[in-house]
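Protein chains: 2
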Amino acid sequence: MKVLITGGGGFIGQKLAYKLAERGELRGQPISELVLADVHHATPTVASFPVAAPVVDITNRQQVDALFADDYDVVYHLAAVVSGQAEAEFDLGMAVNLHGTLNILEAARAQKDAPVVVFASSLAVFGGEIADPVGDHSALNPQTSYGTQKAIGELLLNDFSRKGFIDGRALRLPTISVRPGKPNAAASSFMSSIVREPLQGQTANCPVTEDFGHYYLSPRRLIENLLIAAELDGAAFGQNRAVTLPGLTLSIREVIEAIRKVAGEEPVGRITFEPDETIRKIVLGWRWDVNSDKAQRLGFKRDQTFEDNVRYFLEDDIAR
Amino acid sequence: MKVLITGGGGFIGQKLAYKLAERGELRGQPISELVLADVHHATPTVASFPVAAPVVDITNRQQVDALFADDYDVVYHLAAVVSGQAEAEFDLGMAVNLHGTLNILEAARAQKDAPVVVFASSLAVFGGEIADPVGDHSALNPQTSYGTQKAIGELLLNDFSRKGFIDGRALRLPTISVRPGKPNAAASSFMSSIVREPLQGQTANCPVTEDFGHYYLSPRRLIENLLIAAELDGAAFGQNRAVTLPGLTLSIREVIEAIRKVAGEEPVGRITFEPDETIRKIVLGWRWDVNSDKAQRLGFKRDQTFEDNVRYFLEDDIAR
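Here the protein sequences line up with chains A and B, keeping their order.
First residue of the first sequence: 1, per the numbering used here; consecutive thereafter.
First residue of the second sequence: 321, per the numbering used here; consecutive thereafter.
Simulated from the structure, these hints should not be mistaken for lab results.
Incorrect hints may have been included.
Label-pair distances were calculated between CB atoms; the ranges are [stated by the list, open to error]:
1. B:Lys502 - A:Arg61: 46 to 52 Å
2. B:Thr598 - A:Val46: 39 to 45 Å
3. A:Lys281 - B:Arg640: 51 to 57 Å
4. B:Asp452 - A:Pro50: 34 to 40 Å
5. A:Gln29 - B:Gly554: 36 to 42 Å
6. A:Thr249 - B:Gly484: 29 to 35 Å
With a cut-off of at most 25 Å between alpha-carbon atoms, the simulated PhoX-like pairs for lysine-lysine come out as follows [to be verified]:
7. A:Lys182 - A:Lys261
8. A:Lys163 - B:Lys483
9. B:Lys322 - B:Lys502
10. A:Lys163 - A:Lys294
11. B:Lys483 - A:Lys281
12. B:Lys502 - B:Lys432
Derived contacts from chain B toward chain A, CB cut-off under 7 Å, selection only [as the list claims (entries may be wrong)]:
13. His361
14. Glu449
15. Ile450
16. Pro453
17. His457
18. Ser458
19. Ala459
20. Leu460
21. Ser465
22. Thr468
23. Ala471
24. Asp479
25. Leu547
26. Gln559
Quick reminder that beta carbons are idealized off the backbone N, C-alpha and C, glycines included.
Go ahead and model the full structure; you've got the sequences and the hints to work with.
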């Protein structure tokens, strides 16, 4: 069982690698090698099996073909330019999120045996004219370049799977919170910052009002869902390999209440509310009224309360 | 008013060119030049304005950039590898329908002023798990590579329009019947053949049973709709520039009855019914229960009865 993670240096890639090292197996077979490909050198996970961390630019077809010199059994394609950056740097977003994904799919197709490919899509594929709740049969009508590129990735993954070139599965990720590390260029970055920074004694700004509703999933539950995605029988996905992951819909007020319950009043006092029109314009186009029936039927899981998300952050990212 | 038609040598491109020559104007302005780009040399239409017919391979970015040496006001992007061929020759379909469309969109984006771009999409974007009727807010869940590539074209056209790079409009074409000329590699080819050939004294085969339901539009009405698409205000399309064109849903039995009403019993006797599993498998995945509310609100038109389609063929393609 040889596993590749693109974006292996990112926080999801690193957490997934850690979990794979802990498990030692995937799809009922011992992992023989893990490859953490990233545009920057990824930290190799300590594991009982070899872990490689090659620097790969997925926009470069030759580099991708070299990465696929040996066949993989499971490919996690997580590498992406995030929403805010894909909006600000259109050509970069197209190069990485569209052409980079095509390069990965074509290299996977060129393998002797079709690998399982798990693709990180996004709730940002929904938007525009589509009625709430958005669900498994809603039109893809993204209102960002990031959402457009992810929607195209889903369509390609479906067609490559239908043709038997790969055995694909796409998960539409809710906003992952609490994300460890530093703020990034994602428009959703603040949805982790307002928890993460105050819990560590720093201030954080919320650029939208307290009634802003959004759809969340914790990193811990996401990693569990990424394992489920690889282990399900491909046929279980039916004629659409993309599913919207279960999440929790909450207002900023409820997020803050969860921080208060877990960590008391002090961190809450470190959250400021300075409006930011650029971010507001992007995130108000995202949907929070979400139906994830198909994913739930397939066994994917959500968090029980956002207090869990806060606790997972303290346990997985601060204590460790 | 400078107009480009890609696929200008195809039957829709030729009919559109003929209509533009007849009108002499588009969007309220006299046409100063018409360019019929095609992979084969297109027949230049006789018109009161200059008509060029360059041979262009849209999969070649340099050739596309050369085609866009001067700016266009309106671009009709009709060039495509058809459904049956895109399924049989996957790489060719991807090259023309995906990368070729990207080349056209990027060249249009590079213009000084954003052109109106009218893109021929297809009802083949629908399929799979989506409930009937399919409509403006149904998920894009194509079950062919052609449908996948057209769906991707819609998403790109939407994003390029949202960014202000172009002023795009995509029309999801029903099956166009009666298509003049010879049978082609489209899986839908027989839906014209069974009318066209018998009316000209030849036999034609129907590879599906008489109760096969499908969604049709005549070439004459399609050309009118292509003009409407270019002349509407882009803002009228709202947050999704793709609309499903109005059409008529009919069984093969009703199509044959229309032939009988217009041309008598004799041509009907020239239709054979030999099953073809390959074609059947593709076309049974297509939808015929279609809601075209948005397009109707925007002023797009369907035929009144299929007898009209038969008559238009006799008037426009046989008499002329």
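We went through each hint and held it up to the structure:
| no. | hint | verdict |
| --- | --- | --- |
| 1 | B:Lys502 - A:Arg61: 46 to 52 Å | 38 Å, violated |
| 2 | B:Thr598 - A:Val46: 39 to 45 Å | 53 Å, violated |
| 3 | A:Lys281 - B:Arg640: 51 to 57 Å | 53 Å, holds |
| 4 | B:Asp452 - A:Pro50: 34 to 40 Å | 51 Å, violated |
| 5 | A:Gln29 - B:Gly554: 36 to 42 Å | 53 Å, violated |
| 6 | A:Thr249 - B:Gly484: 29 to 35 Å | 32 Å, holds |
| 7 | A:Lys182 - A:Lys261 | 24 Å, holds |
| 8 | A:Lys163 - B:Lys483 | 33 Å, violated |
| 9 | B:Lys322 - B:Lys502 | 31 Å, violated |
| 10 | A:Lys163 - A:Lys294 | 23 Å, holds |
| 11 | B:Lys483 - A:Lys281 | 14 Å, holds |
| 12 | B:Lys502 - B:Lys432 | 40 Å, violated |
| 13 | His361 | 31 Å, violated |
| 14 | Glu449 | 5 Å, holds |
| 15 | Ile450 | 6 Å, holds |
| 16 | Pro453 | 12 Å, violated |
| 17 | His457 | 5 Å, holds |
| 18 | Ser458 | 6 Å, holds |
| 19 | Ala459 | 5 Å, holds |
| 20 | Leu460 | 6 Å, holds |
| 21 | Ser465 | 5 Å, holds |
| 22 | Thr468 | 4 Å, holds |
| 23 | Ala471 | 5 Å, holds |
| 24 | Asp479 | 4 Å, holds |
| 25 | Leu547 | 24 Å, violated |
| 26 | Gln559 | 4 Å, holds |
In this structure, the earlier hints numbered 1, 2, 4, 5, 8, 9, 12, 13, 16 and 25 are contradicted, and the remaining ones agree with it.
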